[in-house]
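Residues per chain, in single letters:
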Amino acid sequence: MMKKDYSILIGGEAGQGSRKAGLMIAKLFSELGYNIFIYDDYQSLIRGGHSFSHIRVSDKKVLSHREKIDFLLALDKNTVDKHKKDLDKEGIIIYNSDEISLRNKNAVGIEMDKIVEEFKGTSIMGNTALMAGFAKIIGIDWKIIEKLFKKEFKKYQKINLKIARKSFDSLENIIKVKRINKKGSILLTGNEAISLGAVKAGLDFYFAYPMTPASGILHYLAKHKKEFNVAVSQLENEVGIVNAALGAAYAGSRTMVGTSGGGFALMTEGLSLAAQSEIPLVIVESQRMSPGSGVATYNGQGDLLFALTAGHGDILRFVIAPGDAEESFYWSGKILNLSWKYQTPSILLVDKEVSESTFSFDEKVLEKVKYEKPLFWNKKGSYSRYKNTKKGISPLAFPGEKDQVIKSNSYEHDELGITVEDEKSVEKMQKKRLRKFEEMKKEVDKLEAVKIFGNKNSQKAIIAWGSTKGPAKEIAEKLGIKMIYPIVLQPFPEKQMRDALKGVKKIALIETNGTGQMGEVLARFGVKIDKKILKYNARPFLPEEIGRELSKF
Amino acid sequence: MPDKKIKLDIYSKNTWCPGCSNFGILAVLKNVISSLIKDGVKKENIVLVSGIGCSSKIIDYINLNSFSSLHGRPVVSAEGIKLGNPDLKVIVCAGDGGTYNEGISHLIHAAKRNIDITVLIHNNRNFALTTSQFTAVSPKGFKGRSTPEGSVEEPFNPLELMLSSNASFIARGYAFKLNHLGRLIKEGINHKGFSFIDILQPCISFFDETDSYKERIYEVEEDNLDSKKQALKKIEKWDYESEKSKIPIGIFYKEKRSAYEEALLGKLNPSKRNRKINLKKIID
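Residue numbers (this note's numbering), protein chains in the order written: chain A, 1 to 553; chain B, 1001 to 1284.
It is possible that part of the hints are untrue.
Claimed, not checked - Calculated pairs, DSSO-like style, for lysine-lysine (alpha carbon to alpha carbon, straight line, at most 30 angstroms): (1) 380(A) - 1272(B); (2) 379(A) - 1112(B); (3) 1177(B) - 1214(B); (4) 402(A) - 1276(B); (5) 1038(B) - 155(A); (6) 60(A) - 176(A); (7) 183(A) - 1013(B); (8) 1038(B) - 432(A); (9) 225(A) - 1177(B); (10) 114(A) - 60(A); (11) 456(A) - 3(A); (12) 402(A) - 1281(B); (13) 1038(B) - 402(A); (14) 61(A) - 3(A); (15) 1186(B) - 147(A).
Worth flagging that the hints you see were computed from the coordinates, not collected in a lab. Since the model is a prediction, treat every value here as computed from it, not as a measurement.
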């Protein structure tokens, strides 16, 4: 059988353009009908160091990279040294023969420096020579490459094409990668999908302060704000961001903010204000590894318990953790709608692996999100921002409503929004919000809050959440065991989880954190974990790693 | 006098100390708002924003749209409101503690970006509602409950800070000079861009400077208002530390500059945009 699942690793120093080249290689394969997943690994520096993209292409949907590499594309020597141990037996190394010489029989050198020099290019154009050379080796038509280069390089297009052609012509074809489909789907990072989902659900205003790995949302929306007709603003700090977002929502704009753990810590006072003032607020929290500044450009799932409990006072918030780009799109839109329906803070909890990885994205998913109208005031009688209703949800109105006053209050308040302190009034408002919490719980029952993958009848189950979905699902399907995957994490989908666990005798928990935080959440609902499979070196799980752990299970 | 038809009174119970100078600011603010409405500003488009502290209770005492923010955050909440719907007139009432201590970064950045909001600081030069501790504008030696032997810090001059932060309207008023204060506030609100008015507001319970202010306050000559040099000269007449020097009140600086919300949003009003979008078309 013809192989249809390849892994390509392209690496170099920061500034050599390995990420851009990786994305172009992915587009090349996408053009041939392959499904794509790209894992991008880079350090917190501008020049030097080591960055690489691991591009997996397959005829099946893939959400994770693997251990073994079929093609190692090295922009520098360091890339060869670091990754040749992961090269498959049949794997091929493609390298810069002007920098190093390799004696391996399956290594192909390209005179990258010489070719670039010949056309008076700049050193970053070495990646053009590398990409074109690789395309020749795997038997891709020049026409396809030319088309892609013309699309991707608006600047210095001629030079890049000359370099590409020279490199292409200098090499021999070794294997033939087959076209497997007419055309692949579009490629999106998790951050791009989050942005698009929110825009589709009626996002009006995105506020953010830069923080990896959430900055991609800020960059993407800032770049496309005219096409989307949305507003984007970067303010002085995360405290400012969250409070400005609440102000804008009070004024009638659907807002979202994005950050990572450290910025989220600063936003918690705003989360609490949102709960008390009943103002819709969506916070995208894209986690990275470790407390403090942690490992800034690497992955982790250590903020789960923080997201579930952040903010002073009694607060129920939606916490939703999508695990790939399609889910990110869907749940980003959904959480914005839910936040407005219930006038509540909510957190879209992702991580570096979801935010910055690139996925094939099925365009049909675009139709699954729409703007859902929240409960607006019917314009009869006089308006009270905190009207004491049966379900605890008070109709919305915004400043500008003739003959009405809209009073939002951070203090405990009466129905109009005037500050109160007496026990009767305080309890009345608390009860109103508690009734709303009950409605939020009922809402979760209506959502697909827990998914099941793999062998549904297996007595052995693994539980994974967020970005761990990709590698866990792949191995669960391969080994024929059940995988339970909660997506809505607050209000916790108790009933759906109970149903999912029916018939399960043994449970293994898979998380990229050091303490097994999901295990603590499950324990609250009486679910006992038999084995914890944890990884906390700031790198995502690979399916093979989980497989080895499960072989002892 | 406020126009009865405009209905700015409300049922809430006022909890300021009897005789508090905030009553003066409340009366002035109601007057100014009545007059703005008579000038054609829609009542429903005015929003008051406050934080926490005696000053911030004011929003409960006026029948207007209001947003009670957190301690130190009303300036940035107000920015959000203005950005969310640029048609609104947004006025912040906040204290010196919240604005000059907890939320100082927001004040500086709001001035820098020249967003069209008006910030009124009820400056009683201490944290009063928490039973008196020193703030950034309490004089050195201030004896509050956290500094029984006197604060060891010197105050900063908020007007000087605002000038160096590029605020486009800088003024100081006095809570017991009602007509003068009313003129400042109205001019501040009508100023397109960031307007800042520090209002000396004696705290009759914990830091009563009424007698001292009465002797020292004088109205500054409002000339060469677009000169930073001149403004600084006038602002430096009093440093919030000296108990003897004269205290100028009035407008110190005023310049025309494009407002942040216009520069950022152009014609877009985020709260009134069309939310229908064909993503497929854009992505392809």
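Results of checking the hints against the structure:
no.	hint	in the structure
1	380(A) - 1272(B)	22 angstroms, holds
2	379(A) - 1112(B)	39 angstroms, violated
3	1177(B) - 1214(B)	10 angstroms, holds
4	402(A) - 1276(B)	26 angstroms, holds
5	1038(B) - 155(A)	58 angstroms, violated
6	60(A) - 176(A)	19 angstroms, holds
7	183(A) - 1013(B)	69 angstroms, violated
8	1038(B) - 432(A)	39 angstroms, violated
9	225(A) - 1177(B)	47 angstroms, violated
10	114(A) - 60(A)	39 angstroms, violated
11	456(A) - 3(A)	28 angstroms, holds
12	402(A) - 1281(B)	38 angstroms, violated
13	1038(B) - 402(A)	16 angstroms, holds
14	61(A) - 3(A)	15 angstroms, holds
15	1186(B) - 147(A)	62 angstroms, violated
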